[in-house]
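Please model the entire structure based on the sequences and the hints provided.
For what it's worth, my numbering labels the leading residue of the sequence shown as 1, then goes sequentially.
Cβ-Cβ distance ranges computed for the label pairs, FRET-style:
| hint | residue 1 | residue 2 | range |
| --- | --- | --- | --- |
| 1 | 54 | 21 | 21 to 29 angstroms |
| 2 | 8 | 61 | 17 to 25 angstroms |
| 3 | 6 | 61 | 21 to 29 angstroms |
In case anyone wonders, no lab produced these hints; they're calculated from the structure. Using N, Cα and C, we set each Cβ at its ideal position, and we do this for glycine too.
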Amino acid sequence: MTPQLLAACRQAVHVITGDGQVIRAGRAALFVLAEIGYPRWLMRLLHRPPLIWIVEVGYQIVARNRPFFSKFLFTKE
1 MTPQLLAACR
11 QAVHVITGDG
21 QVIRAGRAAL
31 FVLAEIGYPR
41 WLMRLLHRPP
51 LIWIVEVGYQ
61 IVARNRPFFS
71 KFLFTKE
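Written as structure tokens, this is what we have:
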């Protein structure tokens with residue numbers, strides 16, 4: 001792994017698709033959600049402006065504040 005790739009992976013999740021396309025951040029999260037079974041129509045809708053902009057901003061907010069959000073999102077009850 002190159003130093004540049006390592007730095008990029010620390011900032012956002014990256015997905016390499018079957019056809020070799022690299023997607024990152026919010027778009028990668030939507031891709032993974034579609035792959036694990038979330039409705040594809042919803043993922044296509046969220047890829048359209050202005051919704052994709054909201055997804056990307058939301059992703060960046062959560063990514064920059066992972067310790068805070070992990071208190072609420074990954075709890076065992």
